[in-house]
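All chains should be built: construct the whole structure from the sequences, respecting the hints.
Listed below are the residues making up each chain.
Number of protein chains: 2
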Amino acid sequence: MEKNTHENCPVATTLNLLSNKWKILIIRELLDTTKRYGELKRNIQGVSEKMLSQSLKEMEQDKLIKRTVYAEVPPKVEYSLSEIGDTLRPIINSMKLWGVEYQEKISQN
Amino acid sequence: MEKNTHENCPVATTLNLLSNKWKILIIRELLDTTKRYGELKRNIQGVSEKMLSQSLKEMEQDKLIKRTVYAEVPPKVEYSLSEIGDTLRPIINSMKLWGVEYQEKISQN
DNA sequence: CTGAATCCGTTCTGATACTG
DNA sequence: CAGTATCAGAACGGATTCAG
Chain E
0 MEKNTHENCP
10 VATTLNLLSN
20 KWKILIIREL
30 LDTTKRYGEL
40 KRNIQGVSEK
50 MLSQSLKEME
60 QDKLIKRTVY
70 AEVPPKVEYS
80 LSEIGDTLRP
90 IINSMKLWGV
100 EYQEKISQN
Chain G
0 MEKNTHENCP
10 VATTLNLLSN
20 KWKILIIREL
30 LDTTKRYGEL
40 KRNIQGVSEK
50 MLSQSLKEME
60 QDKLIKRTVY
70 AEVPPKVEYS
80 LSEIGDTLRP
90 IINSMKLWGV
100 EYQEKISQN
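Protein sequences appear in the order of chains E and G. Under numbering that gives the first Met the number 0, residues 0 to 108 are what the first sequence spells out, in order. Under numbering that gives the first Met the number 0, residues 0 to 108 are what the second sequence spells out, in order.
Honestly, the hints are just simulated from the structure, not real lab data. All values derive from a computational prediction rather than experimental measurement. Do not rely on the hints blindly, as some may be mistaken.
Intra- or inter-copy, both count: the list cannot distinguish identical chains.
Below, simulated SDA-like cross-link-like pairs (lysine to any residue); rule was C-alpha separation at most 20 Å, straight line [what the hints assert, rightly or not]:
1. Lys40 - Asn108
2. Lys65 - Gln107
3. Lys104 - Ser81
4. Lys62 - Arg41
5. Lys34 - Arg88
6. Lys65 - Glu100
7. Lys34 - Glu71
8. Lys20 - Glu57
9. Lys56 - Lys95
10. Lys95 - Asp85
11. Lys20 - Asp61
12. Lys95 - Ser18
13. Lys62 - Ser106
14. Lys95 - Asn19
15. Lys62 - Leu51
16. Lys65 - Ile105
17. Lys95 - Asn15
18. Lys62 - Leu96
19. Lys34 - Gln60
20. Lys75 - Ile90
21. Lys104 - Thr86
22. Lys62 - Lys104
23. Lys62 - Trp97
24. Lys62 - Arg27
Here's what the structure looks like:
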């Protein structure tokens with residue numbers, strides 16, 4: 000069985016695009032505004048360069064984010080949500096709401 | 000850095016509960032109706048007994064599903080969505096819709 | 001500054017065999 | 001029928017070093 004994506008399960012497709020500890024945090028950072036590599040690294044506490052680069056690269060290939068390189072010295076690279084990535088907003092939001100309710104319910108025990 | 004759950008990110012909480020190749024497929028099976036262990040095993044093509052048991056156990060601990068044991072021989076165990084698990088419906092659905100659209104957009108290239 | 005490359009320990013998965 | 005136990009390979013994650 001390959002990577003994931005169980006044939007006809009679009010839910011899994013969606014999940015696979017986000018399932019990695021950091022991607023969701025990256026998206027959260029980009030919801031507001033475009034950010035530079037260094038900003039992401041600083042803001043997302045605990046992420047290693049490897050994981051950040053890797054996640055960004057995959058998300059770019061998946062067309063969830065856009066990568067813009069400026070021909071400057073020193074280099075400047077900006078990341079932002081792509082059009083497709085932007086459509087994740089409502090999902091992210093409903094997951095956030097659900098997560099909050101879940102934590103409340105669970106902690107009541 | 001532990002498991003996941005980035006301090007105050009409810010989105011991650013939600014994601015963590017589902018992020019395992021099989022859990023989402025299990026939920027899908029249970030959306031309609033209660034199912035027995037063997038049914039799940041047969042219906043979810045490719046899942047190993049270990050992964051199925053493990054996922055079910057975790058989901059039960061997370062209170063996403065209910066496990067009902069019947070004192071019979073041979074044994075009979077039924078799984079169904081819990082009240083909390085049931086509230087995932089809209090999220091599952093929006094993820095499904097998003098996944099479908101995503102696949103369409105991507106395949107247009 | 002923005003990464004790529006490497007090394008290495010941890011975790012996750014899956015096949016198989018076995019149990020009450 | 002409904003699991004558990006074991007074991008090995010794959011994938012993941014992080015620290016560090018190097019490069020344009």
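Intra- versus inter-copy proximity for Ile90 and Lys75 (alpha-carbon distance at most 20 Å): neither (31 Å within a copy, 37 Å between copies)
Intra/inter-copy verdict for Lys56 and Lys95 if alpha-carbon distance must be at most 20 Å: neither (25 Å within a copy, 24 Å between copies)
Lys95 and Asp85: within-copy, between-copy, both or neither at 20 Å Cα: both (16 Å within a copy, 16 Å between copies)
Copy assignment of Lys62 with Arg27, given that the CA separation must stay at most 20 Å: Intra 16 Å, inter 27 Å, cutoff 20 Å: intra-copy only.
Intra- versus inter-subunit Cα pairing at 20 Å for Lys62 with Trp97: Between copies only: 14 Å across, 26 Å inside.
Identical-chain pair category, Lys34 with Gln60, by Cα at 20 Å: within (18 Å within a copy, 38 Å between copies)
Status of Asn15 relative to Lys95 across identical chains (alpha carbons, at most 20 Å): both (18 Å within a copy, 12 Å between copies)
Up to 20 Å CA-CA - Arg88 versus Lys34, copy category: Cα proximity of Lys34 and Arg88: one copy only (17 Å, versus 33 Å across).
Homo-oligomer pair classification [Asn19, Lys95; C-alpha up to 20 Å]: This pair counts as both: shortest intra-copy Cα distance 16 Å, inter-copy 19 Å.
Same-copy or cross-copy closeness of Lys34 to Glu71 [CA-CA at most 20 Å]: within (16 Å within a copy, 60 Å between copies)
Intra/inter-copy verdict for Lys40 and Asn108 if alpha-carbon distance must be at most 20 Å: Classified as neither; 37 Å inside a copy, 31 Å across copies.
Status of Thr86 relative to Lys104 across identical chains (alpha carbons, at most 20 Å): between (29 Å within a copy, 12 Å between copies)
In summary, the numbered hints that this structure violates are 1, 4, 9 and 20.
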